[in-house]
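Trainee: Quick mapping for you: the protein sequence lines, in order, are chains A and B. Residue numbers are given in my numbering: position 134 of the first sequence equals residue 134, and the series is strictly consecutive. Residue numbers are given in my numbering: position 199 of the second sequence equals residue 1199, and the series is strictly consecutive.
A couple of the hints might just be wrong.
[Claimed, not checked] Selected chain B positions facing chain A (in silico; Cβ < 10 angstroms): (1) G1016; (2) V1033; (3) G1034; (4) Q1206; (5) G1216; (6) Q1237; (7) K1244; (8) E1254; (9) S1545.
In short, the hints are calculated from the structure, not lab data. Note that this is a predicted model, so its numbers are computed, not measured. Cβ coordinates follow ideal geometry from the N, Cα and C atoms, glycine included.
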Amino acid sequence: MTTKNPEYDFAWCPGCGDFGVRRAIEWAVERRMDTLGEVIENTVVVAGIGCSGNMVHLLEGPQPFGIHGIHGRTLPMAFGIKGSRPDLNVLIAAGDGDFLSIGGEHIAPQAQRNLNVTAVIMDNGVYGLTKGQSSPTTALEVITPTTPYGKMEGALNPLDLYLTLGATYVASGISSKPRDLANLIYDAMNHSGFSMVHVQSPCTTYNDTFEALKGNPRKGIQPLAWNVPDDHDTSDKAAAVELVRSYGVPVGLLYQDPDSVALDERYAQIMSKQRTRTAQDLVDSFAFAVQ
Amino acid sequence: MQQDKDFIVRFAGEGGQGMVTAADSLAQSAAQVGYFIQTYSTFPSQIVGGPTWAQIRISNKPVLSSGDQLDALIAFNREAYDTHADAVRDGGVIIYNSEEFELEDDGRSFGMRFDELGKSTGNPRAANMVVLGAIAHLVSWPQQYLNDFVVRRFTRGRPNDEEIIKANIEALGLGRDGAATTSFDLGELPSIEKPDWDQVLVNGNQAIALGAMAAGVDTFVGYPISPATTILVFMEQNLTGEDKFVYQASSEIESINAIAGAGFAGKKAMTSTAGPGLSLMSEGVGMAWMMEIPLVIVDVQRGGPATGLPTKTEQSDFQIALHPAHGDASLPVIAPGTVEECFTAGAVSLNWAERYQGPVILLSEHMLSERSQNIPTPDVAGVVDERRQVYRGDNGYLRYESSTLSPMPVPGGPGSYVANASEHDPMGDTTHRPDRHIHMTERRFSKLALLNDGTYEEELANEPIVIMPWGGSKGPAREAYDELLAQGIQYGWYYTMYLHPLPDALLASLKQKELVIVPELNYLGQFASYLRSLGVRAEAITQYSGLPFGVRDLIVRIPELAASMKQGVVKS
Ligand SMILES: Cc1ncc(C[n+]2csc(CCOP(=O)(O)OP(=O)(O)O)c2C)c(N)n1
Ligand code: SF4
Ligand SMILES: [Mg+2]
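Kindly produce the complete structure, drawing on both the sequences and the hints.
Mentor: As structure tokens, then:
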């Protein structure tokens, strides 16, 4: 909406990874409209607070519905939207701080419910919007404004966390490969269940990890990012756990539960067997006759 | 013997001794023959045991409060006797469980062996019936009332129905005979004119839930907390049917954000909680105000702050209900004062939220949640299911352009926009422009004017000094008011459950008064101070014991406050 909108005054820094993620989301949503014939108004983008959350204002092309709520609460809002309106396609766009730190408490319950939404988590290993403080994915001993003597906790492994908590679709992407990322997001939206697409989306201003991810042979830097091998069995959770615990950042689809039953499916199945109770029925159930 | 209009009995003992069942049985049997009844019970926080009591008031007129002058106390153990004996009025009677303890003859107590007598009928659970039989004797209640009740209650189509009915009726007789060996007598309950309207027997929480159902609530998400849990449980059980969604959340933060999501997605959405949960919801409520999303939060108040007194009553959440969030926001607040009003509030709160497109607080309290009462059957068909204005035009719509309420797009339909918790421009994108913040702030507040249809009570409007209670203090305040009138001490009477925004005409009248006396259950005098901020000369009568007001106290404190104000001394 930016091109049309002179009042909106936020912009990503040049080279920010979130540009690539935006392209990927646009492609994935457009492909969904083409293949499923779904109108764009059927998609709701629920954004977190952070540079990354500005995604919801910066998407170009056909405009979905959007929510730019409060810090860390994308999942609970998505839960209310999808629970009450299973016909909608709900896509979360959040940062590592938003999703894993302040919002971390919401991952376990939604994974357990197998809430049928897709979350795209833009991980830059830093709090971008608040200017560079440490985040859950910042590595041990890194110096930031809030860890002036070095970070005292090691980095969280988000992929391991999602798998452990029971997410039924777990993929890892990288913002510099938006085509591949678009495919992962598209597949995640088609997966019926709790879908995590965790994206390395470097912050060029406070934590530029492009080189570390891609590697640089001339400087002798080994790439942190590597492709999930073709022969990886994506229905094998133990194998996925092994991959994400091995080294660096595996990129690609790690796990998809072939037997996933999403909350909306289970809810409809159980509740369709229940009798509809009208307000009148209920009031009458408290009635008594005066003798 | 005094001229009793009604009869108040309290059952006190240890959790698990059947206090609540006894009170309920008495209540149902009285209601079934046409009396007006109200029960009130308090529970200890522990699950098993602990001191508990349940009280019932039976009257031939509608009952306003649970009453504080006991005609009879049934003490199941020594502690219960020690705690509650003082509440018995002069001329009242105490029946105690003499299997547990003995008392010297004090001219107002007698012992009975409830359990032993109960068990002698062959039904180990008939002790309650022994007690009820004894009470029936004291108020000269026809044996038939209770017998009929037992037959109805235990006719359940099971093979042993008859056996159980026989044992219970025998137990009633044993109780009656036991009491008859004493010379105690509480007079007769005045006869009744049977109400010619249909009735339901419900408590405040059930009434709120029924009101919400009648107004078409679609989505309910809540987290268990006393004294609000029973609303969640009711919804889990009953909010079935197509397009309905009900779920137990993992926290109140999840509840508020989930119903905000549902409200955004076009649904009539509600949650219920108590003070600690409302505190956690704070940021989410501000978000709903900012985004202009309809939703309702039911806060069933308990003693606070923090974890406070989970099972006691207090009216100390008024200020947080009015201002639950940081920043410039003040929420509509509806605080029912009776079980009947709980039904209305359940419905109107949802309709208000839809109408002004924002969050509404329904402020109830423990006192109402645990109060069962027979009320005229609520008119479900008469409840309006009001829905927001939905935008149905073309794309490219600017939801937030106008300076007041505008139709709201619903996902799946046209007019996509961003619901933004940051200050936003007409399309919902973030902005920091001063003119926009002014415009949007004024827009949000302007919508409160759409909620000016609140009703209120007004009596003796020419009096310069008036009483204006709110919420559950209405009942005791009204009884005190009536009693003072009978004594020739006259004040005006004002009452509304629509605390914010106050009905315009009501506020105009209040501003004319020399003194508005507000009995309220908190230390700060929260509602009185709100009235003062609106230009009303209001003073609070406060109480913060975890208990409802006693009518006797108010009869003393109201004239005291009125007199001290006349002398220019503020005392509260
Ligand atoms: C309740 C609350 N606490 C703190 C903030 C301040 N805040 C805004 S964004 C942010 C961190 C964002 O980090 P991340 O989610 O990683 O997003 P990024 O900017 O890196 O994309 C914080 C702490 C806030 N808006 N709300
Ligand atoms: S601060 Fe970092 S994350 Fe934020 S826009 Fe700039 S580069 Fe991107
Ligand atoms: Mg970040």
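Trainee: Kindly indicate which numbered hints from before are broken by the structure, ordering the numbers from low to high.
Mentor: The structure conflicts with hints 1, 9, although it agrees with all the remaining ones.
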